[in-house]
Every structure is written in structure tokens, then in C-alpha cells.
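Taking the hints into account, I'd like the entire structure generated from these sequences.
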Amino acid sequence: LQSSDCHILVSTDVAARGLDIKGISHIINYEIPRPESFLSYVHRVGRTGRVGNVGRATTFFAQSVDHGMALELYRWLKMNKQEIPVFLLEEVERQISIEDLQRKTREKYEKALYESYVESSDGEI
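Going by the working numbering, the first residue of the sequence shown is number 1, and it counts up by one from there.
Treat the hints as calculated values from the structure; they're not laboratory data. Think of the CB as a built atom: it goes at the ideal place given N, C-alpha and C, for glycine as much as any other residue. There may be inaccurate statements among the hints.
To be verified - Quick list of the computed label-pair ranges, beta carbon to beta carbon: (1) 79 with 119: 43 to 51 angstroms; (2) 62 with 93: 33 to 41 angstroms; (3) 39 with 110: 49 to 57 angstroms; (4) 65 with 118: 39 to 47 angstroms; (5) 20 with 111: 38 to 46 angstroms; (6) 49 with 114: 30 to 38 angstroms; (7) 63 with 113: 45 to 53 angstroms; (8) 20 with 103: 53 to 61 angstroms; (9) 58 with 22: 15 to 23 angstroms; (10) 20 with 87: 30 to 38 angstroms; (11) 103 with 55: 37 to 45 angstroms.
Right, dumping it as C-alpha cells:
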């Protein structure tokens, strides 16, 4: 690696910290880490674009597997003033809409339950 004869490095999170490899221009993440290890993702993408160099990180996002990380990834990208892909914005908006619908449904249910209780107890609570 130090001689620059190697142009591709395939690694696990071991390379995310501690290794000082100069000139990494692109990181490809084949999967998004789970919430409990999201910091490892931050360190992985931090291997590129160091010391004033331009770098790029690409992460594969499978909606069926990674939907639980969409909001976390969105927040991290926004906080770091990074470009947010359209598909991620759409996924976050979809999740927020579903959460809002679930909250409204729960509120209606609780209201109906309360009204039913008040009705059956002749106004005594």
C-alpha cells in the first residue's frame, strides 16, 4: 500500500481507524452499518478526502434492508452539509408520512376509547 502499487483495497471496518493510507479518493460501502455501529460508517467515509484532498464516498442503500437507517443517514448528511440523494429524501418523507399517520390514528383511537369510557360511566371518571 505504501508504495502506491495497489489501486484497490478491499477491507472491513479494520481500515476505518488507525491505518494512515494516503491518497484514498473513493470509498465504497456495500452496506450501511446498523444504528449501534453508525460511528464506524462515519470513520469509514472519513478515510477519503483527507488533508485538503477531494474524496467521494458511495454507499449502497437497499430499501428493503436499510430503511431503518434512512432518517439517521439523512440527518448525518444534512448536519455535514453533504448532498442528499433524491431516493433518500423520498424514503425519509415516506417514513415521516407513515409515522404521522400512525400518530393520528393512535390519537383518534385514544379519543374514541376515552369517549366510550365517559359514555359508559355516565360522565363519572
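Outcome of the hint check:
1. 79 with 119: 43 to 51 angstroms: holds, 49 angstroms
2. 62 with 93: 33 to 41 angstroms: Given about 18 angstroms between the Cβ atoms, the range is violated.
3. 39 with 110: 49 to 57 angstroms: violated, 37 angstroms
4. 65 with 118: 39 to 47 angstroms: holds, 46 angstroms
5. 20 with 111: 38 to 46 angstroms: violated, 60 angstroms
6. 49 with 114: 30 to 38 angstroms: Hint violated: Cβ distance 55 angstroms, outside 30 to 38 angstroms.
7. 63 with 113: 45 to 53 angstroms: violated, 35 angstroms
8. 20 with 103: 53 to 61 angstroms: violated, 48 angstroms
9. 58 with 22: 15 to 23 angstroms: holds, 20 angstroms
10. 20 with 87: 30 to 38 angstroms: Holds - the Cβ-Cβ distance for residue 20 and residue 87, about 34 angstroms, lies within 30 to 38 angstroms.
11. 103 with 55: 37 to 45 angstroms: The hinted range 37 to 45 angstroms holds for residue 103 and residue 55, with Cβ atoms some 40 angstroms apart.
Checked against the numbered hints given earlier, the structure breaks hints 2, 3, 5, 6, 7, 8 and satisfies all the rest.
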